[in-house]
Amino acid sequence: MFRAALFSLALIFSWTCASMAGNKNIIQIKGSDTMVNLGQAWAEKYMEINPQEFVAVTGGGSGTGISSLISGTCDIAETSRSMKKEEIKLAEDRGVEPLEHTVALDGIAVVVNPRNPVDKLTLEELRGIFMGAIKNWKEVGGEDKKIVILSREVNSGTHVFFKEHVLRRGNEKGPEEFAPNALLMPSSQAIADEVAQNSNSIGYYGMGYISPKQKPIAVAKDEKSGYVSPDIQNVISGKYPISRPLFLYTNGQAQGLVRNFLDFVLSKEGQEIVLATDFVPIKK
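Following this note's numbering, the numbering of the sequence shown begins with 1 at its first residue and continues without gaps.
Read the hints as simulated data drawn from the structure, not as lab findings. All residues carry an ideal CB built from backbone N, CA and C; glycine is no exception. One should not assume that every hint holds.
Stated by the list, open to error - DSSO-like cross-link-like pairs, simulated, lysine-lysine; straight-line CA separation at most 27 Å:
#, residue 1, residue 2
1, LYS146, LYS163
2, LYS145, LYS45
3, LYS89, LYS173
4, LYS120, LYS85
5, LYS135, LYS120
6, LYS173, LYS213
7, LYS135, LYS146
8, LYS145, LYS268
9, LYS268, LYS120
10, LYS120, LYS45
11, LYS146, LYS120
12, LYS45, LYS268
13, LYS239, LYS163
14, LYS163, LYS213
15, LYS120, LYS221
16, LYS163, LYS138
17, LYS173, LYS163
18, LYS163, LYS89
19, LYS215, LYS85
20, LYS45, LYS283
21, LYS163, LYS120
22, LYS89, LYS120
23, LYS213, LYS224
24, LYS120, LYS145
25, LYS239, LYS145
Said to hold, decoys possible - Derived DEER-like restraints, expressed as beta-carbon distance ranges:
#, residue 1, residue 2, range
26, GLN233, ASP93, 31 to 37 Å
27, ASN136, GLN253, 51 to 57 Å
28, LYS146, ASP263, 48 to 54 Å
29, GLN52, ASP222, 51 to 57 Å
Input sequences plus hints: build the corresponding full structure.
Below you can see the structure in the form of structure tokens.
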């Protein structure tokens with residue numbers, strides 16, 4: 001399972017508010033790096049159907065997308081997490097009414113280099129590794145080598161989700177943090193590239209980024225539970241323990257082109273693109 005490089009760099013532009021105001025046929029989407037290729041796939045097909053319209057998709061992280069929606073520099077924010085209370089408050093103070101739309105599901109894959117003999121871990125072992133309590137691969141059945149921890153940077157919705165659901169055991173307000181020596185990577189692709197060339201590393205990203213150059217770890221809720229791989233069927237069934245919804249946010253009820261694009265995303269064709277890019281559709 002892997003995410004193919006199907007899209008031209010020509011799809012990735014940064015547009016200012018002024019440029020959007022001057023062209024009513026532009027939809028600007030910003031946000032989650034996990035979702036950026038999915039967003040580009042939607043945009044490519046949508047523009048094929050509607051050649052008179054242009055959809056610009058950029059990443060930067062869920063927090064970036066949310067900030068852009070609040071500041072009015074995008075029409076749609078792609079996010080791999082729900083907006084926080086303080087973000088909603090800030091939006092409302094600025095006259096923005098963020099409306100959440102669930103558009104897909106995702107499993108967070110924990111990956112190691114294929115040369116690493118470790119292929120399964122419990123949530124508690126993952127917690128120990130990413131918080132720095134488990135420092136050597138031999139402590140979890142691997143070789144006598146120091147573990148290199150890779151994490152998304154703090155602006156990433158994937159970073160927030162993993163911290164809250166693995167490190168903090170679901171407690172959003174918990175004090176647990178990533179180990180001080182964790183390397184904060186700027187994108188999911190950066191983690192994929194580092195894992196591919198570093199046999200001692202471990203990282204995490206949306207399962208759509210898995211390729212033969214990384215080995216996904218089977219994860220168990222505890223030592224008494226079965227180990228479950230991150231794949232579409234296990235996310236749909238709820239068996240895989242590190243799963244989440246993916247969202248688009250609009251400013252209030254979507255209107256005009258934004259409404260048309262959202263309708264496309266939730267259509268049969270749009271949800272087929274979700275599946276084709278290795279995410280899990282919410283509609284069959």
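Tell me, which hint numbers fail for this structure?
-> Hints 2, 4, 6, 8, 9, 10, 19, 22, 23, 25 and 26 contradicted; others consistent.
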